[in-house]
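Residue numbers (the numbering used here): 5 to 486.
Since the hints were made in silico from the structure, they are not lab data. Wrong hints could be hidden among the right ones.
[Said to hold, decoys possible] For each label pair, taking beta carbons as the anchor points, the in silico distance ranges come out as:
#  : residue 1 : residue 2 : range
1  : THR309    : ARG456    : 52 to 62 Å
2  : THR66     : GLY300    : 41 to 51 Å
3  : ILE457    : ARG110    : 22 to 32 Å
4  : GLU11     : SER259    : 49 to 59 Å
5  : ALA40     : SER312    : 21 to 31 Å
6  : ILE457    : ARG381    : 36 to 46 Å
7  : GLU34     : THR322    : 54 to 64 Å
8  : ALA333    : GLY260    : 27 to 37 Å
9  : ARG122    : GLY205    : 21 to 31 Å
10 : ASP440    : TYR206    : 23 to 33 Å
11 : GLU373    : ASP440    : 34 to 44 Å
12 : ARG456    : GLU11     : 23 to 33 Å
[Claimed, not checked] Result set (DSS-like, lysine-lysine): computed pairs, CA atoms no more than 30 Å apart in a straight line:
#  : residue 1 : residue 2
13 : LYS173    : LYS231
14 : LYS113    : LYS28
15 : LYS173    : LYS282
16 : LYS337    : LYS231
17 : LYS334    : LYS231
18 : LYS113    : LYS137
19 : LYS81     : LYS337
20 : LYS137    : LYS231
21 : LYS282    : LYS137
22 : LYS173    : LYS137
23 : LYS113    : LYS173
24 : LYS282    : LYS334
25 : LYS337    : LYS113
Idealized CB from N, CA, C, for every residue including glycine.
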Amino acid sequence: MSLAMPEPDTATIERRDEIVAQLKRIAGDEAVIADADGRRAFETDGLTAYRAMPLAVVLPTTTEEVADVLRYCHQNKLKVVARGAGTSLCGGALPLEDAIVVGVSRMNKVLELDYNNRIARVETGITNLAISKVVEEEGFFYAPDPSSQLACTLAGNLAMNSGGAHCLKYGVTTNNVLGMKVVLMDGEILELGGAALDAEGYDLLGLMIGSEGQFGIVTEATVRIIKAAEGARPMLIGFSSSEAAGACVSAIIASGIIPVAIEFMDRPAIEVCESFAKAGYPMDAEALLIVEVEGGEEEINDLLTRISEIAEPFNPTTIQISSGASQSAKIWKGRKSAFGAIGRISEYYCMDGTIPLSQLPLVLQRIGEICASHQLRVANIFHAGDGNLHPLILYDANDPDSAERAELAGAEILTLCVEVGGCLTGEHGVGIEKRDLMMTQFTESELALQMRIKTIFDPDWLLNPGKVFPLHLAPQGLANQA
Numbered sequence: 005m006s007l008a009m010p011e012p013d014t015a016t017i018e019r020r021d022e023i024v025a026q027l028k029r030i031a032g033d034e035a036v037i038a039d040a041d042g043r044r045a046f047e048t049d050g051l052t053a054y055r056a057m058p059l060a061v062v063l064p065t066t067t068e069e070v071a072d073v074l075r076y077c078h079q080n081k082l083k084v085v086a087r088g089a090g091t092s093l094c095g096g097a098l099p100l101e102d103a104i105v106v107g108v109s110r111m112n113k114v115l116e117l118d119y120n121n122r123i124a125r126v127e128t129g130i131t132n133l134a135i136s137k138v139v140e141e142e143g144f145f146y147a148p149d150p151s152s153q154l155a156c157t158l159a160g161n162l163a164m165n166s167g168g169a170h171c172l173k174y175g176v177t178t179n180n181v182l183g184m185k186v187v188l189m190d191g192e193i194l195e196l197g198g199a200a201l202d203a204e205g206y207d208l209l210g211l212m213i214g215s216e217g218q219f220g221i222v223t224e225a226t227v228r229i230i231k232a233a234e235g236a237r238p239m240l241i242g243f244s245s246s247e248a249a250g251a252c253v254s255a256i257i258a259s260g261i262i263p264v265a266i267e268f269m270d271r272p273a274i275e276v277c278e279s280f281a282k283a284g285y286p287m288d289a290e291a292l293l294i295v296e297v298e299g300g301e302e303e304i305n306d307l308l309t310r311i312s313e314i315a316e317p318f319n320p321t322t323i324q325i326s327s328g329a330s331q332s333a334k335i336w337k338g339r340k341s342a343f344g345a346i347g348r349i350s351e352y353y354c355m356d357g358t359i360p361l362s363q364l365p366l367v368l369q370r371i372g373e374i375c376a377s378h379q380l381r382v383a384n385i386f387h388a389g390d391g392n393l394h395p396l397i398l399y400d401a402n403d404p405d406s407a408e409r410a411e412l413a414g415a416e417i418l419t420l421c422v423e424v425g426g427c428l429t430g431e432h433g434v435g436i437e438k439r440d441l442m443m444t445q446f447t448e449s450e451l452a453l454q455m456r457i458k459t460i461f462d463p464d465w466l467l468n469p470g471k472v473f474p475l476h477l478a479p480q481g482l483a484n485q486a
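Required output: the full structure, derived from the provided sequences and hints.
What follows is the structure in structure tokens.
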């Protein structure tokens with residue numbers, strides 16, 4: 005794979021010992037990783053086709069330490085890449101050889117729980133799942149649940165505005181965050197939003213969420229915790245074609261029913277996930293929907309019956325309703341383990357585009373055609389309810405030609421998403437993966453406006469450089485390094 009990154013500044017690299025010594029004075033010896041083996045753990049993220057050894061890694065434990073580190077980097081014009089758990093699938097946390105990685109993984113405390121107002125204030129190094137674990141005894145949970153929720157941090161979710169299987173009903177990260185503490189590149193600490201539902205003034209909270217580490221480093225957040233429903237139950241609906249499954253999704257949403265989740269798998273995904281999780285998926289289906297509803301027992305039964313009736317015109321090969329908690333857990337284990345299960349049989353390039361639901365049958369057909377034209381297989385696993393696609397393009401990482409074809413197929417798929425009225429990303433972000441495709445969705449004037457906003461927060465473009473914006477449009481100093 006061949007996406008360009010800015011050339012490192014050799015003068016900065018030559019000063020590495022001096023810079024490391026200063027960082028240790030600021031954050032302490034134990035917080036700075038400078039040896040080659042230690043830095044190698046941070047050389048890539050979930051987009052493992054790209055790697056670069058960072059200049060140094062700093063793991064602060066307080067907001068003030070983050071501010072001191074950024075202030076030093078700002079004064080010395082050092083590039084900074086923020087990092088949570090490194091699960092980004094778009095290269096969003098990929099370091100540069102002349103950049104300092106500032107990780108928040110040690111900042112993982114719960115600072116305040118307020119069940120009356122249904123909020124939790126936490127440090128952003130905490131995992132999504134850990135938030136729910138802390139509040140579950142009181143019958144609450146934190147809604148965003150990406151497949152990596154066991155490992156991914158809130159910091160990364162805030163950077164990419166991540167969602168998950170249950171975002172259809174409860175929304176993505178931006179719908180579940182009320183306030184945050186942000187450290188700007190010059191070390192200034194901002195408080196945005198708060199415990200109230202709506203903050204006064206400009207929506208800087210909305211601007212910051214999804215900004216991919218371009219504006220600052222978020223160290224604390226106040227999130228909504230939601231009272232868990234009385235019960236929930238998924239059902240499996242198998243179909244003889246992906247197009248029929250896609251049409252059924254559109255029909256369910258058009259009926260006015262809002263399930264908690266609608267997840268899609270095609271045959272390659274079904275086979276791999278069933279082999280891994282033994283979830284009871286129908287092996288004769290070409291496509292499978294996992295549809296979950298929640299409420300009281302009577303409401304659940306009514307909704308599942310109505311969904312079954314909606315599915316009938318699309319000639320389902322099977323309709324199977326979970327019989328209890330154990331089966332429900334297996335069904336979701338299969339879906340949540342999907343990316344890892346696919347990884348057992350092949351390297352894959354995981355895409356992330358969003359489309360209008362009405363275009364789902366057409367896009368699924370075209371994805372198959374695009375991958376076939378590049379002599380590649382594809383497994384489709386995605387959040388069908390909100391049109392957030394995750395095609396997994398299978399390729400041989402040891403074959404440069406295969407990797408190149410995977411990248412070309414991915415670009416065609418993302419371009420298709422834009423052409424049918426969708427967008428380049430739903431929850432993974434732009435990073436380096438989609439940076440050079442930004443002009444398929446935005447004009448130069450629109451990108452110029454976005455870059456002006458970036459410049460307000462980070463005048464020297466030191467935060468997460470080389471990401472999001474096409475290099476030839478970036479400020480002259482950065483573009484000259486490409």
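Range hint 22 to 32 Å (beta carbons of ILE457 and ARG110) holds or violated: holds (30 Å)
Distance restraint between LYS113 and LYS28, which requires alpha-carbon spacing of 30 Å or less: Between LYS113 and LYS28 the Cα gap is close to 23 Å, so the pair holds against 30 Å.
Range hint 21 to 31 Å (beta carbons of ALA40 and SER312) holds or violated: Check failed, 58 Å falls outside 21 to 31 Å.
Beta-carbon spacing of ARG456 to GLU11 - inside the hinted bounds 23 to 33 Å or not: holds (25 Å)
Hinted pair LYS282 and LYS137, Cα distance within 30 Å: holds (25 Å)
Proposed proximity, LYS231 with LYS334 (alpha carbon, max 30 Å): Holds: LYS334 and LYS231 sit about 23 Å apart, inside 30 Å.
ILE457 paired with ARG381, Cβ distance criterion 36 to 46 Å: Distance hint for ILE457, ARG381 holds at roughly 40 Å.
Given pair status - LYS137, LYS173, alpha carbons within 30 Å: Holds, at about 20 Å.
Beta-carbon spacing of GLU373 to ASP440 - inside the hinted bounds 34 to 44 Å or not: Given a distance of about 23 Å, which is not inside 34 to 44 Å, the answer is violated.
Pair hint LYS337 and LYS113, alpha-carbon separation not exceeding 30 Å: holds (27 Å)
30 Å Cα cutoff - pair LYS113, LYS137: holds (13 Å)
Status of the given 54 to 64 Å range, CB of THR322 versus CB of GLU34: Distance hint for GLU34, THR322 holds at roughly 55 Å.
Violation of the numbered hints given earlier is confined to hints 5, 11, 19; the remaining hints are satisfied by the structure.
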